Amino acid sequence: MLSRVAESLFWMSRYFERAENTARFLDVNFNLLLDLDSITPVDHPNYWKPLIMVMADPEHFNSLYPEYDAHSVTDYLVFNRGNSNSILSSISMARENARSVIESISSEMWEQLNNLYHFLQSVSPQQVHSDPYTFYKEIKNASHLFQGITDNTFSHNEGWAFVQIGKYLERADNSARLIDVKYHMLTTSPARHSDLVSGSVDIIQWMAVLKSCSALEAFRKVYLSKIDPENILDFLILDRSFPRSITFSICAAQEALWRISGSSSHRYANNVDRLIGKMEAEMSYATVEEILQQGVRPFLEEIEQGLARIGEQLHLLYFAYHTPKIEPADISEALPFTGLDGRRANWSQSQQQQQ
Amino acid sequence: MTRLFDQYHPQSDRFFDEVISHESAPRPHYGIMMQRFNQFSAADIRARRELVNIFFRNQGITFTVYGVDEGIERIFPFDLIPRIIPASEWEGIERGLIQRITALNLFLADLYQDQKILRDKIIPAELVLGSKHFRREFVGVRPPLGVYIHVTGSDLIRDAEGRYLVLEDNLRTPSGVSYMLQNRIAMKRAFPVLFDRYTVRPVENYPQQLLRTLQEISPTPKLDPKVVVLTPGIYNSAYFEHSFLARQMGVQLTEGRDLVVNNNKVYTRTTRGLKIVDVIYRRVDDEFIDPLVFRPDSVLGVAGLINAYRKGNVTLANAIGTGVADDKVIYSFVPQIIKYYLGEDPVLDNVETWLAGNPKHLKYILENLDKLVVKAANESGGYGMLVGPESTPEQRERFAEKIVENPRNYIAQPTISLSRHPSFFNETEIAPCHIDLRPYVLNGKSISIVPGGLTRVALRRGSLVVNSSQGGGSKDTWVIDN
Chain A
1 MLSRVAESLF WMSRYFERAE NTARFLDVNF NLLLDLDSIT PVDHPNYWKP LIMVMADPEH
61 FNSLYPEYDA HSVTDYLVFN RGNSNSILSS ISMARENARS VIESISSEMW EQLNNLYHFL
121 QSVSPQQVHS DPYTFYKEIK NASHLFQGIT DNTFSHNEGW AFVQIGKYLE RADNSARLID
181 VKYHMLTTSP ARHSDLVSGS VDIIQWMAVL KSCSALEAFR KVYLSKIDPE NILDFLILDR
241 SFPRSITFSI CAAQEALWRI SGSSSHRYAN NVDRLIGKME AEMSYATVEE ILQQGVRPFL
301 EEIEQGLARI GEQLHLLYFA YHTPKIEPAD ISEALPFTGL DGRRANWSQS QQQQQ
Chain B
1 MTRLFDQYHP QSDRFFDEVI SHESAPRPHY GIMMQRFNQF SAADIRARRE LVNIFFRNQG
61 ITFTVYGVDE GIERIFPFDL IPRIIPASEW EGIERGLIQR ITALNLFLAD LYQDQKILRD
121 KIIPAELVLG SKHFRREFVG VRPPLGVYIH VTGSDLIRDA EGRYLVLEDN LRTPSGVSYM
181 LQNRIAMKRA FPVLFDRYTV RPVENYPQQL LRTLQEISPT PKLDPKVVVL TPGIYNSAYF
241 EHSFLARQMG VQLTEGRDLV VNNNKVYTRT TRGLKIVDVI YRRVDDEFID PLVFRPDSVL
301 GVAGLINAYR KGNVTLANAI GTGVADDKVI YSFVPQIIKY YLGEDPVLDN VETWLAGNPK
361 HLKYILENLD KLVVKAANES GGYGMLVGPE STPEQRERFA EKIVENPRNY IAQPTISLSR
421 HPSFFNETEI APCHIDLRPY VLNGKSISIV PGGLTRVALR RGSLVVNSSQ GGGSKDTWVI
481 DN
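Chains A and B, in that order, are what the protein sequence lines are. Sequential numbering from 1 applies to the first sequence in the numbering used here. Sequential numbering from 1 applies to the second sequence in the numbering used here.
Since the hints were made in silico from the structure, they are not lab data. Take the hints with a grain of salt, since some may be wrong.
Label-pair ranges, simulated between beta-carbon atoms [stated by the list, open to error]:
hint: 1; chain 1: B; residue 1: Pro-192; chain 2: A; residue 2: Asp-57; range: 55 to 65 Å
hint: 2; chain 1: A; residue 1: Asn-141; chain 2: B; residue 2: Asn-263; range: 48 to 58 Å
hint: 3; chain 1: B; residue 1: Arg-247; chain 2: A; residue 2: Pro-243; range: 24 to 34 Å
With a straight-line Cα cutoff of 20 Å, these simulated SDA-like cross-link-like pairs (lysine to any residue) come out [as the list claims (entries may be wrong)]:
hint: 4; chain 1: B; residue 1: Lys-275; chain 2: A; residue 2: Met-1
hint: 5; chain 1: B; residue 1: Lys-275; chain 2: A; residue 2: Leu-316
hint: 6; chain 1: B; residue 1: Lys-339; chain 2: B; residue 2: Thr-353
hint: 7; chain 1: B; residue 1: Lys-188; chain 2: B; residue 2: Asp-481
hint: 8; chain 1: B; residue 1: Lys-275; chain 2: B; residue 2: Thr-220
hint: 9; chain 1: B; residue 1: Lys-226; chain 2: A; residue 2: Met-1
hint: 10; chain 1: B; residue 1: Lys-188; chain 2: B; residue 2: Phe-55
hint: 11; chain 1: A; residue 1: Lys-140; chain 2: A; residue 2: Asn-114
hint: 12; chain 1: B; residue 1: Lys-339; chain 2: B; residue 2: Ala-109
hint: 13; chain 1: B; residue 1: Lys-275; chain 2: A; residue 2: Ser-261
hint: 14; chain 1: B; residue 1: Lys-445; chain 2: B; residue 2: Leu-223
hint: 15; chain 1: B; residue 1: Lys-445; chain 2: B; residue 2: Gln-99
hint: 16; chain 1: B; residue 1: Lys-371; chain 2: B; residue 2: Gly-384
hint: 17; chain 1: B; residue 1: Lys-275; chain 2: A; residue 2: Asn-157
hint: 18; chain 1: B; residue 1: Lys-121; chain 2: B; residue 2: Asn-358
The structure presented is a predicted model; accordingly, all values stated were derived computationally and were not measured. Where is the CB? At the ideal position from N, CA and C, for every residue including glycine.
Could you put together the complete structure from these sequences and hints?
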């Protein structure tokens with residue numbers, strides 16, 4: 001298939017997944033605040049700053065808003081067009097990509113994506129503030145519906161595989177960022193005295209992390225009611241069957257990459273397959289004790305870096321086929337969208353057509 | 001209950017009515033259709049209109065209007081009453097178009113080879129060589145089968161007596177054929193009952209015919225030549241059509257950046273490496289197609305494409321430089337062109353045309369601005385024109401200055417008498433609206449014309465401009481067996 005078409009399918013899917021994850025983070029934060037309201041005021045920056053840290057560029061945010069409060073953060077993450085990762089920007093980018101390959105996707109897929117786009121255009125910030133639950137649910141459902149439609153109306157060949165890769169790379173990255181930030185917050189707070197975070201407020205926070213991945217129920221089935229950070233880390237990072245865990249996402253992305261290249265385990269056909277295979281193996285044989293020993297942050301940062309490298313190699317191998325080989329030193333400049341600098345991966349603006 | 005056609009009284013000396021004759025009787029081929037429409041209630045009509053609207057919206061059949069709020073997507077208005085052309089009339093149109101396209105193709109072949117017609121002084125050489133669409137880079141290049149114009153969409157109109165006249169030849173990248181196909185689908189969904197008593201010739205196989213034509217012009221004979229559609233991209237107003245045709249033909253829709261030229265061969269960039277391309281159905285204008293040869297700032301084209309084309313490694317449809325023959329000035333010479341190459345009289349006449357470049361004509365034009373339609377020779381889409389009778393004195397004055405400044409660039413025609421056809425000007429009432437006809441002509445090993453075409457209709461009351469960018473709509477167009 002055309003490299004451009006593959007690339008657009010990848011980013012369409014990736015941005016849709018990003019919008020869903022942003023909706024999840026925000027939704028859970030609101031719920032969390034209802035629980036914590038008695039302890040700390042809702043607008044306390046501690047609850048809102050991490051969202052910006054995990055999902056956007058704090059510097060850019062600070063240049064626009066004076067405070068990390070509910071209104072500003074919601075506005076920035078949902079509606080701000082200048083924030084390339086806001087829900088509105090993500091869905092616009094997903095739609096833009098879909099529109100440029102409209103003859104390759106099913107008309108049902110286009111209709112669903114287009115509907116969500118028009119829904120977002122019609123919503124006012126006031127509506128979101130007064131009824132966040134309904135709004136975020138709408139976004140999540142739209143994403144689920146899109147995935148279902150894609151699976152059922154779009155031939156499961158190469159293009160579909162690129163859709164899967166986009167979705168799972170984004171999901172793995174988002175989960176890693178979420179855990180990273182929450183863990184960081186909870187462990188560096190000055191009131192902490194034990195090695196591992198505990199206490200009822202923290203438990204509520206950790207439950208919120210689970211909820212934002214729709215993982216609370218699945219988690220309970222495995223660990224019954226033993227909600228402690230170690231189990232939660234184990235579940236969200238290493239569980240092999242829960243569809244939003246990092247390991248699951250990496251396995252799913254690997255499977256899709258193999259569909260394209262014809263690789264299988266122990267035999268890789270190209271650099272992307274090698275990198276994802278290596279990552280999958282590392283995840284498969286890691287234990288939560290090792291992760292804690294190494295430090296959760298360094299471990300998760302390594303995953304984020306690994307995912308960025310996979311994205312970059314994917315680009316070089318499948319999307320930028322004919323471009324001359326770029327010296328490694330130049331890569332970050334030539335490919336501003338890979339996320340190697342720790343920012344979130346974005347569709348290269350230079351690829352967008354100008355007219 | 002009032003019947004739909006009871007309110008329809010098109011009598012006029014100036015305009016030919018497609019449905020009602022000068023004796024106020026329905027023309028025979030419209031009889032059944034009128035009966036059927038008369039049986040529908042206002043509610044029926046509304047319900048069917050809604051069906052059609054949903055169909056177009058879901059298909060995403062939209063066009064982009066420039067200059068208004070950075071390009072808004074609009075649904076192309078569709079009129080529910082089909083235009084009917086009996087086979088006897090159609091045969092004349094077909095014969096006329098085949099003759100015209102054959103002659104124009106010979107004309108282009110001559111211009112880009114020996115230029116006999118210029119040496120024989122049938123056409124003043126400076127008119128051709130000075131045309132901004134003449135590509136001297138292609139003199140001496142012969143495309144496969146000697147065919148330059150593979151896809152044409154000529155605009156036909158009818159005068160007060162009902163004679164078909166050619167208003168314009170569109171020899172570059174004519175658009176609208178997707179509307180022709182979609183209109184038929186919409187019509188069949190909304191009014192299956194209308195098709196009962198008519199034998200409507202099918203248009204549905206146009207995409208297959210187009211693909212066959214494109215495969216016929218492959219530079220080297222192959223079992224399965226690789227054809228792609230080249231689009232300027234999603235911001236182009238006809239993007240829907242480009243993607244539609246690619247999908248219908250089952251070929252790839254490419255943008256300039258999907259193609260790469262290596263060693264004078266053209267390839268698509270795919271996830272499995274480079275794949276060779278034989279034929280490009282390009283919907284990108286000459287000026288933008290290769291930054292190395294034409295506009296260097298174009299990001300829509302493919303660097304090196306023209307050299308690959310000159311070497312005969314890839315075929316472009318339509319060929320480069322066909323615009324010289326659909327120039328509105330050259331247009332006025334088409335009757336002589338037909339006579340020169342074929343020794344025949346034209347089957348389809350031109351609309352009477354004055355050239356501002358000719359001093360005698362210029363004088364006439366300036367004296368009669370209020371009666372004439374003046375057009376810029378190289379503009380399309382209804383832009384850059386003055387409709388005399390509808391203009392103000394100030395507008396005429398400003399336009400006169402432009403004409404005198406650059407006479408070569410302007411032509412004038414009488415305010416043409418576009419024929420009229422009953423059309424819905426609001427939800428439930430009809431009125432006579434002006435229409436034209438754009439049939440689509442394919443030219444490969446032989447010339448074929450899909451029976452029908454796109455009938456454009458000026459839905460703004462009294463307006464003579466049928467372009468979609470100026471408030472025009474379209475109709476399903478039926479060619480029926482007698």
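Evaluated hints:
| no. | hint | in the structure |
| --- | --- | --- |
| 1 | B:Pro-192 to A:Asp-57: 55 to 65 Å | holds (57 Å) |
| 2 | A:Asn-141 to B:Asn-263: 48 to 58 Å | holds (52 Å) |
| 3 | B:Arg-247 to A:Pro-243: 24 to 34 Å | holds (33 Å) |
| 4 | B:Lys-275 to A:Met-1 | holds (10 Å) |
| 5 | B:Lys-275 to A:Leu-316 | holds (18 Å) |
| 6 | B:Lys-339 to B:Thr-353 | holds (18 Å) |
| 7 | B:Lys-188 to B:Asp-481 | holds (18 Å) |
| 8 | B:Lys-275 to B:Thr-220 | holds (16 Å) |
| 9 | B:Lys-226 to A:Met-1 | holds (14 Å) |
| 10 | B:Lys-188 to B:Phe-55 | holds (11 Å) |
| 11 | A:Lys-140 to A:Asn-114 | holds (15 Å) |
| 12 | B:Lys-339 to B:Ala-109 | holds (16 Å) |
| 13 | B:Lys-275 to A:Ser-261 | holds (17 Å) |
| 14 | B:Lys-445 to B:Leu-223 | holds (16 Å) |
| 15 | B:Lys-445 to B:Gln-99 | holds (15 Å) |
| 16 | B:Lys-371 to B:Gly-384 | holds (17 Å) |
| 17 | B:Lys-275 to A:Asn-157 | holds (19 Å) |
| 18 | B:Lys-121 to B:Asn-358 | holds (16 Å) |
Going through the hint list in order, the structure satisfies each hint without exception.
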